[in-house]
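Student: Each chain, written out:
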Amino acid sequence: MGTIFRIALRNLVQHKNKTVIIGVLIAVAIALGLVGNAVLDTAKRSLKRTFTENFTGDVLVLPKSIQGGVFGASSDGGSNGPPILPMMTDYEKAFDIVKGTGGIKSFTSQISAYVLFNFDEAGLNYGLAFGVEPDDYFRTFNNIDIVAGRRLMSGEQGIMLHERIVKAIKEDNDVDLKVGDNIQLNNFGESGFKIREVPIVGIFRFKAGNERAFPFMQPNFVDVTTLRALKGKTILSPADLKIDADTAKALDSSDDELFSDDTVVASKAGDGTVATGGGTGKSAIDLGAILGKKTSRPDSVTTSRGAWNYILIKLDPGIDEKTFIAKLNAEFVSGKLDVKAQDWVPTAQPDSGIFFAMTLVFNIVIWLLAIVSVIIIMNTLIASVMERTPEIGTMRALGAQRGFIRTLFIMETLIVTVVFGLVGIVAGILLVSVLHATGIGAPNDFMRLIFGGSVMRPDIGPGQVLSALVIMLFIGLVSWIFPVRMALKVSPIKAIMTE
Amino acid sequence: MGKEDFVSIVALTDVKKHYALGETTVEAVKGASFSIEKGDFISIAGPSGSGKSTILNMIGLIDSPTAGEVSIDGRPVSGIKDRELTRLRHRTIGFIFQSFNLIPVLDVRENVEFPLLLGKDSRMTRERRSYVDFLLEEVGLAGHRKHKPNELSGGQRQRVAIARALVTNPDIILADEPTANLDSATGEAILQLMKRINKEMDTTFIFSTHDAKIVEMADHVIRLRDGMVVENFRPERN
Chain A
25 MGTIFRIALR NLVQHKNKTV IIGVLIAVAI ALGLVGNAVL DTAKRSLKRT
75 FTENFTGDVL VLPKSIQGGV FGASSDGGSN GPPILPMMTD YEKAFDIVKG
125 TGGIKSFTSQ ISAYVLFNFD EAGLNYGLAF GVEPDDYFRT FNNIDIVAGR
175 RLMSGEQGIM LHERIVKAIK EDNDVDLKVG DNIQLNNFGE SGFKIREVPI
225 VGIFRFKAGN ERAFPFMQPN FVDVTTLRAL KGKTILSPAD LKIDADTAKA
275 LDSSDDELFS DDTVVASKAG DGTVATGGGT GKSAIDLGAI LGKKTSRPDS
325 VTTSRGAWNY ILIKLDPGID EKTFIAKLNA EFVSGKLDVK AQDWVPTAQP
375 DSGIFFAMTL VFNIVIWLLA IVSVIIIMNT LIASVMERTP EIGTMRALGA
425 QRGFIRTLFI METLIVTVVF GLVGIVAGIL LVSVLHATGI GAPNDFMRLI
475 FGGSVMRPDI GPGQVLSALV IMLFIGLVSW IFPVRMALKV SPIKAIMTE
Chain B
15 MGKEDFVSIV ALTDVKKHYA LGETTVEAVK GASFSIEKGD FISIAGPSGS
65 GKSTILNMIG LIDSPTAGEV SIDGRPVSGI KDRELTRLRH RTIGFIFQSF
115 NLIPVLDVRE NVEFPLLLGK DSRMTRERRS YVDFLLEEVG LAGHRKHKPN
165 ELSGGQRQRV AIARALVTNP DIILADEPTA NLDSATGEAI LQLMKRINKE
215 MDTTFIFSTH DAKIVEMADH VIRLRDGMVV ENFRPERN
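Sequences listed follow chains A and B, in order.
Going by our numbering, the residue at position 427 of the first sequence is 451; the numbering climbs one at a time, nothing skipped.
Going by our numbering, the residue at position 159 of the second sequence is 173; the numbering climbs one at a time, nothing skipped.
Source of the hints: derived by calculation from the structure; they are not laboratory data.
No residue lacks a Cβ here, since even glycine has one placed at the ideal position from N, Cα and C.
Mixed in with the good hints there might be a few duds.
[Unchecked claim] Derived lysine-lysine pairs resembling DSBU-like cross-links, with alpha carbons at most 30 angstroms apart:
(1) B/227 to A/513
(2) B/162 to A/40
(3) A/42 to B/95
[To be verified] Example chain B residues on the side facing chain A (calculated, C-beta under 10 angstroms, incomplete):
(4) 75
(5) 77
(6) 100
(7) 103
(8) 105
(9) 109
(10) 111
(11) 116
(12) 117
(13) 119
(14) 120
So here's chain A without its partners, still in its complex pose (with noise of 0.2 angstroms):
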C-alpha cells in the first residue's frame, strides 16, 4: 500500500496542473455546499424560532381537515376565496388530553379567518385575523410590541391591527385608522355573509424577525367572540343562553312582524352586536347565535370553552416535539378525535414551503454542482489513464494485479479528494466565520422572516460538516469508477506496442 500511495501521489505532483483544476472544483463544491448549507441551517433555525415562538407553538392541535396551518393555507376556500377553516368538534376532548399530558410549558386555542376590512366607499381590504383570548394568548406567546394604543383585554370585544395593514389601508384605500375608530369586518362564514363592527384598541409591530411577507398575511388580533361570529359559529351553549321575556317573545313573533320595518334598527356601534327592538325593547342580542341552524353547523361547539380551530403548545425545554406529537396523536386515535398534532413545519405553510422550496432547490444546485465536478474530474482522470497506457501496460507486464491498478487510482482520486475537500472544508469555515462576523443583511419582509432578523449571522455545525462529508465522499467514489474501468481494460502489450 505503501508503494502505491508514493506512486499515487507523486503521480499528482507530476501532473500537478491537471491536480490543482480537478482539486479547486472539488475545494469550491465543498465550499459552497458547507456555506450554503450553514446558511440554510442557521435559517430553518431562525424561521423555526419565528414560527414556533411567534405564531405557531412547538406543536398544534388542529382538525384533520385542515392542511396546512394557522395562515389558512391549503385549506378549501369560501365563496369569496379565502379559506374556511373547520372548527374542532372535539376540542373539548382534545383540551382535556393536552392538558393532561406532560412537558407543556404553556398552551393557547387560536381561531384563523381572513377577513375584509370594508370602509363602504373608501372600498375593502383584506387581512388576517387570529381570534384570540389575549390574556391567554399572549401569556403563550409574547411576541408583539404596541405602537399605539394598548394590547386587547381578554373579555373585551376589538381588534389589534398589525401596523402594517394600518399602511396598506391608508396607502389603498387612504383611510387614516387610528386607535379608538371603528372598523367594520366582512367575512363569508358557512352560514351566509357575516358583519361585524368593533373598535381598534391598539396598533403593533411583531418583535423583530416575524414579519411575513405581505400585509394582508400578517395576522391581527380580534377577540375570539367577534371573530367566531363572523366565521358563524356558535358562542353560546345553551346552558349559558338566558332568554328575557322580550327575546322570547322576538323568538315566538312570525316573519312578519320579526323583519318589519321597524325591527332591526341599528348595529350598535362596538360590542358586535345587533339592537332589536323599535317598540318591543333595548336589550342586545346575537341574532346569528339565536336564529343560525345548528343542523348546517356539525362543527359549532356548543360549550361554555367556544369554538377553536387550534390548540397551540409551547413546551418544556428538553422534550422532544416528534415524541410528543406521536404520544398526543396516539391518545387522539385512541379516543377516536376527529383532530390531530403536528409540528412547526405544516402549520407555518405557505412560509415553510416556500422555504423548504428554496432549501430544495440550493441541495439540487449544490448536488448538481458534485455531478459536474465528477465529470470533469472523470473526464481528466480518463485523459489521465489515456496517456498513462504505457505505464499501466508496464506495470500489468511486471506483474501488477488488476487490484493493484484499481488501488493506484482509487488511492490518486482519494488523496485529491480528502486534500482538497478537507481544504474546501477549512475555507468554508473560514467564509462562515466572515459571514458570522459581518453577517447578511435580508433584503425583504420574507427574508427578515426567514432570517429572524433583519440580519442573520450563519453558524457551522457538525451536520453541515458531514453533509460537506457527503459530497466529499461521493465526488471520491463516484469519479473513479469509469475510468479505473478504463485503465484496468489496459493490457499489458500496450507496454510492448510503445514506441
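Let chain A serve as the given structure and place chain B on it in line with the hints.
Tutor: This is chain B only, laid out in the frame that chain A set:
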C-alpha cells in the same frame, strides 16, 4: 554440458496468431513451432512484420495465440486465467522494453525495486534494497540510485530496465528490440551486459532484433519471415 542435458523452458507448438485489422484478418504468426532451452541467449530475428514481437508477446504471456500452444517450463498456458497468468509472468519472466518503459515518477532504485513490491517478497526493506543496489552496481548505475528516469541517458535507462528485469530472479528475460533506441556503441555495451548476466546467472535471454550484428552474439537464432520460422540454429563458435 551435453545437448541432451538441456531443459526446455519455452516451447511453441504450431502457434498461430491472427489479428483483425478492419475487415481483413492479418496472419501475424502462421504455425510456429520451436523450443528454447534454459540458459539460452537466443535471438528471434527477422525483418519488420515478420512476427517476432508477436511471438515474444506470447512467450511473455501478454498475448495469447489464436491456435496452438505455448508452454512455459513445461506447463501449457492456454486457458489460464488473468490473475494466475499475471502471477506466472511475475514469477517467471522479466521484461526489457525497446522504449525502456521505466515508471517516470519513481527513481532508479524504486524502479528496480518495483517488481519485488508486486509479489510476496518476504525480505525486509533493507535486505531488499541492498539486493537492488547490488544489481545497480552490476549494471554500472550504483551512482544513479536517486535519479529519475528523465535524468538518465538512453543507455542508462536500458541498464535500469535490465536490473529491473533481473530483480525477481526470473527464469526468462524477454527483450524486444532492446537496442533499437540506442546508438550502436551503447547497444553493444547493453548486449555485452546481457550476455554476461546470461553466463553468470544462467538466465535465459530471448531478444528480438533485426540487426545482424546483434544476431551474431546469440548462441541460438530463430529466424522468422512472414510469420513463419525459416531458420532455427545454433551458430558455431570458434
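Student: Does each hint fit the structure? Answer for all of them.
Tutor: Each hint, compared with the structure:
A distance of roughly 38 angstroms separates the Cα atoms of residue 227 of chain B and residue 513 of chain A; the hinted pair therefore is violated under the 30 angstroms criterion. Of the supplied pair hints, the one linking residue 162 of chain B and residue 40 of chain A holds, its CA atoms being roughly 17 angstroms apart against a limit of 30 angstroms. The straight-line distance between the Cα atoms of residue 42 of chain A and residue 95 of chain B is roughly 36 angstroms, outside the 30 angstroms bound, and the hint therefore fails. Hint status for residue 75 of chain B: holds, given a least beta-carbon distance of 8 angstroms to chain A, under 10 angstroms.
Restraint check, residue 77 of chain B versus chain A: the minimum CB separation of about 5 angstroms is within 10 angstroms; hint holds. About 5 angstroms separates the beta-carbon of residue 100 of chain B from the nearest beta-carbon of chain A, less than 10 angstroms, and the hint is met. Taken as an interface hint, residue 103 of chain B checks out: its beta carbon lies about 6 angstroms from the nearest beta carbon of chain A, inside 10 angstroms. Checking residue 105 of chain B against chain A by beta carbon gives a least distance of about 8 angstroms; that is within 10 angstroms, so the hint holds.
Among the interface hints, the one on residue 109 of chain B holds; its C-beta lies about 5 angstroms from the nearest C-beta in chain A, closer than the 10 angstroms criterion. Given the 10 angstroms rule on beta carbons, the hint for residue 111 of chain B holds: about 6 angstroms separates it from the nearest Cβ of chain A. At a threshold of 10 angstroms, the smallest CB-CB gap from residue 116 of chain B to chain A is about 8 angstroms, leaving the interface hint in force. Satisfaction of the interface hint for residue 117 of chain B is found here, the shortest Cβ-Cβ separation to chain A being roughly 6 angstroms, below the 10 angstroms cut-off.
A cut of 10 angstroms between beta carbons decides the hint on residue 119 of chain B: the least distance to chain A is about 4 angstroms, and the hint holds. Contact between residue 120 of chain B and chain A, as hinted, is supported at the beta carbon level, the nearest pair being about 7 angstroms apart and thus within 10 angstroms.
Hints 1 and 3, counting from the list given before, are not met by this structure.
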